[in-house]
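For the protein sequence lines, the chains are A and B, in the order given.
Mapping of the first sequence onto the working numbering: position 583 corresponds to residue 849, and the numbering continues sequentially without gaps.
Mapping of the second sequence onto the working numbering: position 689 corresponds to residue 955, and the numbering continues sequentially without gaps.
Given that identical chains are not distinguished, each listed pair holds provided it fits within a single copy or across any two copies.
Cross-link-like lysine-lysine pairs, in silico, DSSO-like; alpha carbons within 27 Å at most: (1) K859 <-> K724; (2) K756 <-> K669; (3) K837 <-> K724; (4) K582 <-> K859; (5) K724 <-> K582; (6) K744 <-> K724; (7) K361 <-> K694.
Since the hints were derived computationally from the structure, they do not count as laboratory data.
Given the structure is predicted, the values throughout are model-derived calculations rather than measurements.
2 protein chains.
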Amino acid sequence: MKYAHTFRLIVAAVAAAALAEHTIADEGMWPLNRFPTGPLEQRYHFTPTKQWLDQAQLASVRFADGCSGSFVSSSGLVMTNYHCALECVEAVSEKGPKLLEEGFSAGSPAEERQCPGMELNQLTSMTDVTARVSAATKGTEGDRFAAARKAIFATIERECASSDDVRCEVVSLYRGGKYDLYKYRRFQDVRLVFAPEFDTGFFGGDPDNFMFPRYNLDLAFVRVYDAGAPLRSTHWFPWSADGATAGDLVFVTGHPGGTSRQYTVAQLEFERDVRLPAHLIYYSETRGLLTEFQRRGADQARRAGAQLVLVENSIKVLAGEFAAIGNPALLARKRSEESALQHAVAAKPALERQYGSAWKAVAMAMDRKRELWPRNAAFSRLSESELLGQAISLVRLAREQTKPNEQRLPEFTEAALPAVRQRIEASKPYSREIETVALAHILTHLRERLGIDDPAVKAALGRRSPDEIATAAIAGTKLDDAGIRIALMKGGTAAVEASSDPLVVLARAVDPFARDARRQLEDQVDAVVDRNMELIAQARFAIEGERVYPDATFTLRLTYGTIKGWNEGGKEVPPFTTIAGLYERNTGSPPFKLPERWLNRKSRVRLETPLNLVADTDIIGGNSGSPMIGRDGRIVGLIFDGNIHSIGGEYWFDPAKNRSVAVDSRGIREALRSVYQADRVLQEIAGRPD
Amino acid sequence: MKYAHTFRLIVAAVAAAALAEHTIADEGMWPLNRFPTGPLEQRYHFTPTKQWLDQAQLASVRFADGCSGSFVSSSGLVMTNYHCALECVEAVSEKGPKLLEEGFSAGSPAEERQCPGMELNQLTSMTDVTARVSAATKGTEGDRFAAARKAIFATIERECASSDDVRCEVVSLYRGGKYDLYKYRRFQDVRLVFAPEFDTGFFGGDPDNFMFPRYNLDLAFVRVYDAGAPLRSTHWFPWSADGATAGDLVFVTGHPGGTSRQYTVAQLEFERDVRLPAHLIYYSETRGLLTEFQRRGADQARRAGAQLVLVENSIKVLAGEFAAIGNPALLARKRSEESALQHAVAAKPALERQYGSAWKAVAMAMDRKRELWPRNAAFSRLSESELLGQAISLVRLAREQTKPNEQRLPEFTEAALPAVRQRIEASKPYSREIETVALAHILTHLRERLGIDDPAVKAALGRRSPDEIATAAIAGTKLDDAGIRIALMKGGTAAVEASSDPLVVLARAVDPFARDARRQLEDQVDAVVDRNMELIAQARFAIEGERVYPDATFTLRLTYGTIKGWNEGGKEVPPFTTIAGLYERNTGSPPFKLPERWLNRKSRVRLETPLNLVADTDIIGGNSGSPMIGRDGRIVGLIFDGNIHSIGGEYWFDPAKNRSVAVDSRGIREALRSVYQADRVLQEIAGRPD
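Construct all of the structure, not just a fragment, from the sequences and the given hints.
Written as C-alpha cells, this is what we have:
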C-alpha cells in the first residue's frame, strides 16, 4: 500500500531535470492535456486518439481524501483499493456486521452502504489560466506576491464553482511555469459495494508493504449515486478478457499526490535534515502508542487497526525517502544537474540577469525555514486528533467566513467550502479512547517542540499536564455528534465563540498562535520560494523547452510502460505471482493469515491464476486505486503499491528498479468468482462482452 | 539528565582539531596523566600539585553501567545522581516500601539496601602500553590488524587482572595514537543510603531535561562495602561550606562516555544519514510503547517509569546530535578543518606517503558500513529485552569460554568475565509484562530490517508472529530467576546447549547470524577505520604535536571552567536558581509535582538557597554524578545534566553556549537538613570540619 492518505499537497513543481538520456524514457506523470504522443509512437507504434484520452480522463476518478479509482460499469461502479475504502469499511462496521473480519458483498442496491465523508471527483475540464495569474502577480515580491496569487486563485475558483457539485482548483504546474484551472464534477454520495476481509486486503501487512513478490487482494468496489440512484456513468473502462503478459505496453491513470523531483539541492537538504526526520520521529512514536493500544483488547485492536496501517505505511514511505536523499550518489547527481542549469543560465547575460539569483534566494529561504518550520509543524499536528481537528475547522471556518473571499486561508475560500462542510457534517464513529491517546500525544509534542514556557503552550495547557487535558477534553466534548457540529457551524461566529465545549475552547486558545506561525512561514519562506521557483522554471523553459513533465500535484496524470520485473542484487524478479503463492505464504498468523473462506474454497480456485504483477510505469502515493489498462483501454490491473525502489521516485525515476505493483485483473475475477461468489459485481464488470 | 546509560563505548579517538583560537580555551576532557597545567596556570594562576591530582583521581569513582560519582566520606559514602541509582531504587522497592514515591533515607548501616548488579570502579593506575601494542600489530592490515590488536589487548588485560576485584582495560586514546592500560579497583557490594522521591529527583521530567533554568534534586548517596563492612576510603572530597559564586574556577572529574569530535566528515555523514536516524526511529517507537504501557495501570506505570526516562533521555540526546550535524555550518567547519590537515600532510612528501590515503580509506569503509550496519544493529537490539539479553550472554559465554583468551569476543575475555558474571548473577526483579512488549518490539524490528525471507528471521520466528513468540517465550522462560541462570552458567556448554528454556533456544538460533553480521562489520569496516584513524592521529601528532585531548572513552577525565551563564537569543541566562524557584514551578501535576513532604516543610526551608547552577566545564553523557570541586578540592556541586547546547558537544565544544548543569552543594545540604532530616548523611559529609 502506498502513501494514500496524508499528502503533502505542495502546489509546486518545476520542469523535470531528468538526466538527458532518460528524459524521454517511459518515465513521466503527464497531465492529459499536455501528453506528448511522439515518444510513445516512436517506441511503441501507438498514438492514443483524442477519444482514447477523453475516455481515460472521464473514466478516471479521484478520491478527495487521497486515492485514485476508475468507473468500471455504466451504473457508477468504481474500482479502487481496499485500503482506500478502509475508513468506509470501518465506519459501516460500527453498527452492523463485522466487515473487517468478514468482508462485504452487497447482494442488491439496497444493501449498498453509504460511506460517510467520502468524496469522489471526476475531472471534466482543464483550462490554461497562466496569463491571468501572471497579470495579477506581476511586479510583486514576498508576501505581496503570495497575497496577490491567493486572491486571483480564489477569484478564478469562485467564478468556476457554479454549484456545490462542481469543484474547481487552480493548479500550479512546473511550480508556476504554468497555471491550469481544473474543473471537477463532485460526488458526495458514495456507497460500499464489495470489500474482502482485512486479512486478505492487507495480506502481508506492513512486512510485505512495498515488497514484491507479493500476494494481495487490495481491492474494493464502491458506487457513485446521483440524486439517490446509481449514477449513469457515460465513461468507464471495460474488463480485459486475457489480462496482460510480460512486455505488454500498459497505461495507468491516476492522481499522484506529489513529487519533489525538481527540488533544488537546498530544498532536498532541508528534507533530509529537518522535515523527514521530524515526521519519522513523530510517527514512530505514534506507531508505538497504537501498537500497545491494540493490546488493551479485541475491540481496541480492531478500532486502531486502520490507523496503524496508515501510520506504518507513512513510516515506510518517509524512511524510504530519507534513505534516498541520504544516499550520497543521489545528492551528487542533483548537485551536478543544478549546477549545469546554473551554468547554462550564466552563459547568457539576459537569462543571468533575470534568473541568476533564484537558487541563492531559495537557499536563503530554506535557512529561514529551518528556524520556522518546527513550530508550525507542531501546530499542524493538532489535527491528528480527529475531534480536535473538527474543533479547529469549526473555529477557523467561523473566523474565515467573516473575511472577503480573496483574503481567506485557501482551504476556506468559497470554492473550497463544500468539502469543508462535508467533513464537518459526515456522521462517523469516533473512538474516545483513541482520541484521548492521540490528543495527549500531540499536546506533549507541542510542549516538547515549543518548550513549556512558550505562550502558546501556556494557553493550551495552563498548569495541567497533556494527559489531564486530553482525558478531560475528550470525555467532555460533544463534537463526536455530527448534529452538534452542524449546529455550531450554522451558528457561525457567535455560536463558536460562545461554545464551552472543551475542544472548541482549546482550538480557540491555540488558533492565534498557530495562524501566526503559519503566516510567518508563508510570508518569509513559501512566498520567496514560490516566486524564485517560478523563475527557475522559466529559466528551464528558456533553455530546455517544455519537453518534460511537471512534478505531481494530486491531479490526473497518465503514465505508461511495460509489464516487467527487475534485477535485485543479481537475481531476476519475475513480473507475476499466482494465487498458489498466496496459499503458500499463509502461516495462519496475521498479517499472513488467510481467512477461513479462502481455505474452505481452495479446491474450487484456479491456483495458477496470476494474482499480482509489476510494471515500470511511473507512479507515487495517490496512485493507489489507479486502473492499469492496455492499449485497447481495457482493465488489466489495479495499482495498489510500488516496490521498495519506487519510494525514491519522490526524487527521481530509476527505470532499472522502480516498479509499480498491481492486482492482476484475472486474479480479481477469479477471487470474485471462486472465493467470494460475488456474482453481482462479476456480471456488472462483464457488462460489455469481452 | 544526560545520556547516562547506553554508551557508545567507541574505543576510538584522534587528536582534537578544535579551531586554532579555541584550542587552549577551557575546553577539554583531559586524562589525569596527560593533564596540561600550563594553560590553567596562565589563565587562572593555579597549578594543581601531584597530590591534588592523585586525590582527584582516587576520590572519583566510575559506575560500570555508565555514570560517575565521588567518595564524600571516609566510610565509603559515594555521591551520585538519582538517575544513576534509579535502577537500584526500583529493585529495592520491589519487595518493600515504595521508594519511588516516598524516597529513602537509611537510618543505620543495617537499613542500607544492596543494589543488585551495581559495580563501582576506582582508577588506581594508568600505564602507557603503546609500544607493546604497536609491536604486536606492526605490518598488519584489515582483519589481521583487528585480530592482532584484540589478542594483545586480551593478553595485557589478563596479566593485569590478578584477581576478581581488579578490573583492567587497555584504552585506545587518540584512536590508536596512544594506548594506556587502566587498572581499577572493582567494588561489587554497593548499598543504597539516600534517595529523594522520584518526583523530586526528576522534577521537570523530560520537558526540562537539558534545559536551564532548572530546579532539580538529582541526587543519591550509596555506600561501598568491602568484605561486608563499609569501605575505609582513603581518598574523598570534603564539602565546601560556602559553595561557589559566579566567575569561580571549578573542576569536574568524571567519565565522559564518548565523543566524536575527531570524526572525519565521512564518519559524520554516516551518523547523520544512517545511525542517528535509525536510533531515533527505534527509540521513538519504544517511547510510544512504554507511554501507552503505563496506562495499563498504576503498577505498570511505576514499573515502566525508569525505562521511559532513559528512553526519553536518549531521544533528546540523539535528536540534539542529529540537529548539530544537520546544521550545515558545523559540517562546513569540519570539512575545512579536515581539508587543512590534508593539505598540511600533502605539503610534506614523507607524510603524504605515510598518511595521505587514510581519509579516502575511511570514506570507503563508511560506504561499506552503510550497507552492513543496519543488519548488525538489528541483532544488537536483541538485548533490549533484558531477559533475552541474559540468554544471549549465557549462550555466548558458554561458546566463548571454549576458545583461547586471545580469540574471544572482547567482552568475554578473562579480564572481562567478572562483570559478565555479576550481570548474570544479580538478583533483580523483571517485569514479564514489559519484557513481552520489548521482545515483540525487537522481533518485529528484526523482521522489518532483514525482511521476512531472511534466514535469521526464519530461524527466530519460524511461522509464528513476533507477538506470539514474545508472549510464549516470556511466559515460559525461567531466566528471571538468578539461580537458574547461575546453574546454566556453571553447567557450561553442555547445559546451555541442552537447555529448553525458550529464550535460550531463541538465543541459540539467532547467535550464528548475529556473530556473522558483527564479524563482517568488524573485518570490513571497523578494522579499516581503526587502522586509518591511527594513521590520521599520527599525522596530526606530526603536524600539531600532542597539545590536544583525546576523544572521550568512558575513562576518568578532568575538565575545568568557571561558573557562568550564557546568552540565549539576546537574553542573559543567570548561572544560579534557588529553591524558591522550585516551589514556583510546582503545578501539582507530574513532572512538575512537588511531593507532600516538600509542601509540608516549606516554612522551614531557606528559600533563597541556590539549587542548581551552570558552568562552562566540558562534559558529556557519562559525567552524570560527577563532583564539581573548587580549587581547594571541596565539593561545590553535583553534575547531572548539560544545557541544550551541550548535546552538540558530541562534535565540538562551543565555549559561548555549552554549559554543564549541576545541583549546588548548598541546595543539597539544605534539602537534606530541612526537608529530609537526613541527619546521618549530613553529619557524615560534614565529617571534616569546614
